[in-house]
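Colleague: Sequence:
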Amino acid sequence: FFICLYLHVGRGLYYGSYLYKETWNVGVILLFAVMATAFMGYVLPWGQMSFWGATVITNLLSAIPYIGTSLVEWIWGGFSVDKATLTRFFAFHFLLPFITSAMVMVHLLFLHETGSNNPTGIPSNADMIPFHPYYTIKDILGLFMMITALLALVLFAPDMLG
23 FFICLYLHVG RGLYYGSYLY KETWNVGVIL LFAVMATAFM GYVLPWGQMS
73 FWGATVITNL LSAIPYIGTS LVEWIWGGFS VDKATLTRFF AFHFLLPFIT
123 SAMVMVHLLF LHETGSNNPT GIPSNADMIP FHPYYTIKDI LGLFMMITAL
173 LALVLFAPDM LG
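Each residue of the sequence shown is one higher than the one before, counting from 23 in the working numbering.
The set of hints was computed from the structure by calculation and includes no laboratory data.
Note that beta-carbon positions come from the ideal geometry of N, C-alpha and C, so glycine has one too.
Mixed in with the good hints there might be a few duds.
Have a look at the derived ranges for each label pair, beta carbon to beta carbon [unchecked claim]:
hint, residue 1, residue 2, range
1, W96, Y157, 34 to 44 Å
2, F112, H134, 18 to 28 Å
3, I151, I121, 43 to 53 Å
4, M182, Y88, 13 to 23 Å
5, L35, F178, 40 to 50 Å
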């Protein structure tokens, strides 16, 4: 998953997508949100590596002027990484994917407003079709087919799912 994200960012850098500032900034925030979700999940097993990973990475935030120390203590839920930190990381790990999903929708909204870059550099306005209803119907149909396939597996062959 992260390889695809890094390839997507690399493609954006190569084709100059950073010139569309709103779309690019939402994408960068989205990348940080996904990385934060992965980090929170890394801490959840609560072994030695998780504990020290949480300690080191959260201590990096203390370098932020004026608010760094208070921010770290708020994230920790005290003065050191403890059970309160684990509870907070679990909550963040649960909530961040919902925030990420909303950010993906905002990213796509900005992308549809600005248009995407293409390798040829030729404006693609000439052969555009409206997103709604054409792609909306196609996406809803694809979602319906996937849910139908999943329901068929669940109802008729549950052993195949493990």
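Colleague: Taking the hints in turn, state whether each one holds.
Modeller: Against the structure, the hints:
1. W96 - Y157: 34 to 44 Å: For Y157 against W96, whose Cβ atoms are near 42 Å apart, the range 34 to 44 Å holds.
2. F112 - H134: 18 to 28 Å: 35 Å Cβ-Cβ, so the 18 to 28 Å window is violated.
3. I151 - I121: 43 to 53 Å: At roughly 31 Å between Cβ atoms, I121 and I151 fall outside 43 to 53 Å, so the hint is violated.
4. M182 - Y88: 13 to 23 Å: violated (56 Å)
5. L35 - F178: 40 to 50 Å: Between L35 and F178, where Cβ atoms are some 47 Å apart, the hint holds.
Violation of the numbered hints given earlier is confined to hints 2, 3, 4; the remaining hints are satisfied by the structure.
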